[in-house]
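As they're listed, the protein sequences go chains R and Z.
Taken in order, the first sequence gives residues 0 to 431; the numbers are from numbering that gives the first Met the number 0.
Taken in order, the second sequence gives residues 0 to 431; the numbers are from numbering that gives the first Met the number 0.
Hints listed in this document are in silico derivations from the structure and should not be mistaken for laboratory results.
Where a beta carbon is used, it is the ideal one built from N, C-alpha and C, also for glycine.
Careful, some of the hints might be misleading.
What the hints assert, rightly or not - Derived DEER-like restraints, expressed as beta-carbon distance ranges:
#: 1; chain 1: Z; residue 1: 151; chain 2: R; residue 2: 401; range: 42 to 48 Å
#: 2; chain 1: Z; residue 1: 95; chain 2: R; residue 2: 46; range: 57 to 63 Å
#: 3; chain 1: R; residue 1: 22; chain 2: Z; residue 2: 339; range: 45 to 51 Å
#: 4; chain 1: R; residue 1: 83; chain 2: Z; residue 2: 278; range: 44 to 50 Å
#: 5; chain 1: R; residue 1: 22; chain 2: Z; residue 2: 229; range: 47 to 53 Å
#: 6; chain 1: R; residue 1: 322; chain 2: Z; residue 2: 151; range: 26 to 32 Å
#: 7; chain 1: Z; residue 1: 64; chain 2: R; residue 2: 269; range: 53 to 59 Å
#: 8; chain 1: Z; residue 1: 339; chain 2: R; residue 2: 71; range: 55 to 61 Å
#: 9; chain 1: R; residue 1: 412; chain 2: Z; residue 2: 174; range: 56 to 62 Å
2 protein chains.
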Amino acid sequence: MNAINIGLVGAGTIGGGVVKILSAQARFFDEKLGLPVKLTRIADKNIAVLKTLPVGSAICSDNADDVINDPSINIVIELVGGTGFAKALVLKALAAKKHVITANKALISEFGPELFAAAEANGVSIYFEAAVGGTMPTIKTAREALVGNEIQSVQTITNGTCNYILTKMTQEGLPFDEVLKAAQAHGYAEADPTLDVGGGDTAHKVSIMASLLFGGFVPYESVYKEGITTITDDDIDYAKKLGYAIKLLGVIKKDSGSGIEVRVHPVMLKNDHILASVNDVFNAMAIEGDYCGKILLYGRGAGELPTASAVISDVIDVARNIVTGNPIRIPMGYYSIANELKVAPIDGISTRYYLRFTVLDRPNVLAAIASELGHNGISIASVIQLESKSDEAVPVVIVTHTAKESNLQTAVKKLEGMDFSKAKTQIIRIED
Amino acid sequence: MNAINIGLVGAGTIGGGVVKILSAQARFFDEKLGLPVKLTRIADKNIAVLKTLPVGSAICSDNADDVINDPSINIVIELVGGTGFAKALVLKALAAKKHVITANKALISEFGPELFAAAEANGVSIYFEAAVGGTMPTIKTAREALVGNEIQSVQTITNGTCNYILTKMTQEGLPFDEVLKAAQAHGYAEADPTLDVGGGDTAHKVSIMASLLFGGFVPYESVYKEGITTITDDDIDYAKKLGYAIKLLGVIKKDSGSGIEVRVHPVMLKNDHILASVNDVFNAMAIEGDYCGKILLYGRGAGELPTASAVISDVIDVARNIVTGNPIRIPMGYYSIANELKVAPIDGISTRYYLRFTVLDRPNVLAAIASELGHNGISIASVIQLESKSDEAVPVVIVTHTAKESNLQTAVKKLEGMDFSKAKTQIIRIED
Numbered sequence: 000m001n002a003i004n005i006g007l008v009g010a011g012t013i014g015g016g017v018v019k020i021l022s023a024q025a026r027f028f029d030e031k032l033g034l035p036v037k038l039t040r041i042a043d044k045n046i047a048v049l050k051t052l053p054v055g056s057a058i059c060s061d062n063a064d065d066v067i068n069d070p071s072i073n074i075v076i077e078l079v080g081g082t083g084f085a086k087a088l089v090l091k092a093l094a095a096k097k098h099v100i101t102a103n104k105a106l107i108s109e110f111g112p113e114l115f116a117a118a119e120a121n122g123v124s125i126y127f128e129a130a131v132g133g134t135m136p137t138i139k140t141a142r143e144a145l146v147g148n149e150i151q152s153v154q155t156i157t158n159g160t161c162n163y164i165l166t167k168m169t170q171e172g173l174p175f176d177e178v179l180k181a182a183q184a185h186g187y188a189e190a191d192p193t194l195d196v197g198g199g200d201t202a203h204k205v206s207i208m209a210s211l212l213f214g215g216f217v218p219y220e221s222v223y224k225e226g227i228t229t230i231t232d233d234d235i236d237y238a239k240k241l242g243y244a245i246k247l248l249g250v251i252k253k254d255s256g257s258g259i260e261v262r263v264h265p266v267m268l269k270n271d272h273i274l275a276s277v278n279d280v281f282n283a284m285a286i287e288g289d290y291c292g293k294i295l296l297y298g299r300g301a302g303e304l305p306t307a308s309a310v311i312s313d314v315i316d317v318a319r320n321i322v323t324g325n326p327i328r329i330p331m332g333y334y335s336i337a338n339e340l341k342v343a344p345i346d347g348i349s350t351r352y353y354l355r356f357t358v359l360d361r362p363n364v365l366a367a368i369a370s371e372l373g374h375n376g377i378s379i380a381s382v383i384q385l386e387s388k389s390d391e392a393v394p395v396v397i398v399t400h401t402a403k404e405s406n407l408q409t410a411v412k413k414l415e416g417m418d419f420s421k422a423k424t425q426i427i428r429i430e431d
Numbered sequence: 000m001n002a003i004n005i006g007l008v009g010a011g012t013i014g015g016g017v018v019k020i021l022s023a024q025a026r027f028f029d030e031k032l033g034l035p036v037k038l039t040r041i042a043d044k045n046i047a048v049l050k051t052l053p054v055g056s057a058i059c060s061d062n063a064d065d066v067i068n069d070p071s072i073n074i075v076i077e078l079v080g081g082t083g084f085a086k087a088l089v090l091k092a093l094a095a096k097k098h099v100i101t102a103n104k105a106l107i108s109e110f111g112p113e114l115f116a117a118a119e120a121n122g123v124s125i126y127f128e129a130a131v132g133g134t135m136p137t138i139k140t141a142r143e144a145l146v147g148n149e150i151q152s153v154q155t156i157t158n159g160t161c162n163y164i165l166t167k168m169t170q171e172g173l174p175f176d177e178v179l180k181a182a183q184a185h186g187y188a189e190a191d192p193t194l195d196v197g198g199g200d201t202a203h204k205v206s207i208m209a210s211l212l213f214g215g216f217v218p219y220e221s222v223y224k225e226g227i228t229t230i231t232d233d234d235i236d237y238a239k240k241l242g243y244a245i246k247l248l249g250v251i252k253k254d255s256g257s258g259i260e261v262r263v264h265p266v267m268l269k270n271d272h273i274l275a276s277v278n279d280v281f282n283a284m285a286i287e288g289d290y291c292g293k294i295l296l297y298g299r300g301a302g303e304l305p306t307a308s309a310v311i312s313d314v315i316d317v318a319r320n321i322v323t324g325n326p327i328r329i330p331m332g333y334y335s336i337a338n339e340l341k342v343a344p345i346d347g348i349s350t351r352y353y354l355r356f357t358v359l360d361r362p363n364v365l366a367a368i369a370s371e372l373g374h375n376g377i378s379i380a381s382v383i384q385l386e387s388k389s390d391e392a393v394p395v396v397i398v399t400h401t402a403k404e405s406n407l408q409t410a411v412k413k414l415e416g417m418d419f420s421k422a423k424t425q426i427i428r429i430e431d
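Input sequences plus hints: build the corresponding full structure.
So this is what it looks like as structure tokens:
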């Protein structure tokens, strides 16, 4: 072997970053590995974009099959995105006995077992450090550094778009829609932001992390998810008054009887919580293990070069495995198809809650709310009811002590059926 | 091979933690590796301590040679500490073709090249994740995750004792000596705290990180170091007034002409600096690469189980290398003896400074100070001089704009020679 030959499919933002780093660092890889890492082929539908990149001697084409069909290619980097074309491409690459590196969280989260089985059958590997948390070494830490630990919990902010929006809503007092539009104008949010603001992107990432940390497969569909679209500037205001920050959090908790918890939803975090001050497009992940205690990773979760840097760390890992003949293909215990992990239903969790009722301002409403909550075993920690400025509906904000989700949902549903209730109740879980 | 046999030398705090985790997780390693990891031998001078640990079927002795001389042992874990007996032990283990895992930062920092050459000659490896930052995956991140980056800088809090002392001085307004005594009583500081509070421990760690990140050898002796013993409660007070926190920081900066900067000293960090809120015994490391941007690791830097957890991650890495026949012995580019890196002299750095002069309260003193600083090209950003309560010497606190260290030292020396100067000037560097 004279060189490790890389074929890149998809030269968009991250792919462009990969081309730039491979070009800038060629000599460095050569020295470190003792073998050149060569970008041999690049394919992108939009072949014109390749003219703007330092492609060197790479053979460029608009057909991904040119990469797959080149027998000299050892590693295919898939940066196409999506789960249609990308899935077919990865399966073809694996069948051609090429190692695959991808940043595609949806693909790994939704089709992991099928892909890993194909890799195993063909004696090659799939690496995906860039799929979760951009530049933070989340996969490596879960798969290697913490492997001797039994994991207690994970709390993670892994969607930069949502974090940017919530930060701006908090800092500038603007409503969701307005901040979303600004984020789209700045390129921090997609034209169709559904996957980000709806929580799907974070759900993809936590399903991967839960699978890695608990050594089985957590299907994407089993992850409970709520997005941030219903968070109002009122909620942000009340959170501030109460000493909390609102964040979209991915939460994983170990099985304590009814399955592991794997859920994505807005939360309130006390201002001194380690994740409360993670702002703008930054990502962070706190992992608590029984031996290591709580560790935190923090960094840029997205962007051309940060994400490309994570892809490059996979290139080095795979190249090193090739050079040394290391036959490890699948991270230990990961995505065993035989071991689909049981995920606890959201109804079964227990936590504290922020509730914002919208009710008519008349006697006995607070008493009715308190009474119904009490009936369901929910104890009130604090209440904010400000003087009404009109005859219209007013907000009543209640923070509860720890309560069971099913009890809380029952109480809220009952209260929403009462004639003083004027709108859907806002429920935001509080995480410690 | 039926099992990977571990020999542990040193069953103190961390060693005890390793015994506990290996015992608790035996089945887990078995499943993950497909081969049992067996604690086969333990040696400790104080053999009585072994009676309190879950040693299982391990053969216990008070003689480390019993471990070295057992041909079934694949991996020796050295947790003796120090650089005398421990160095001889590690060299004997390597000569006997056993892989070595150690948490010994002094040993790696001071004798790395010799040890790595011995490992290379014997076809075995040395792993040392626990040597820097306890449970934070610092070594793995530097060696693997960021390997495609050119590193710009590192800022790290890696000495829990110093961070605990500075935190308590800040939160409780107590002087250094008093807090040190309390820390010793709590077991957070050694009876002889010199290596911690003098900065030597942090210097060991940053010499290792600089070696890893820049692919050469940074000798311990080349690291500039100052400890925290001269920090007074006055400095803490002024820092608060100015909006800073005082921390003992390890700093690494890339070569910009006269060598890489590798230094350890107290610094002032703006309160919104990411490391300013790392308190108590916690550690953190911010690494900035040209592609990844700034990433942060945070976690417990010491303690029985957290540090043992890092040792166990090495056990898994080495065991996996043995199982797969991976011949990688030395982290890429690491500690090449042929490549001793040039470290810039402290005189050559440029930064901002906090200066606390102790001077007689009489006319023209401030003018003299300002003038001497100006002569040396040092521009003043802010001054605090409070009304004097007596005829005794008063503090004059000055924060400078960026200045050259050599100019600053010249100016301060000159001012200390003037008759109004009543004590040594406190100099604390300010890091951004």
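Report task. Against the structure, test the hints numbered earlier, and report the numbers of the ones violated in rising order. Result -> 3 and 8
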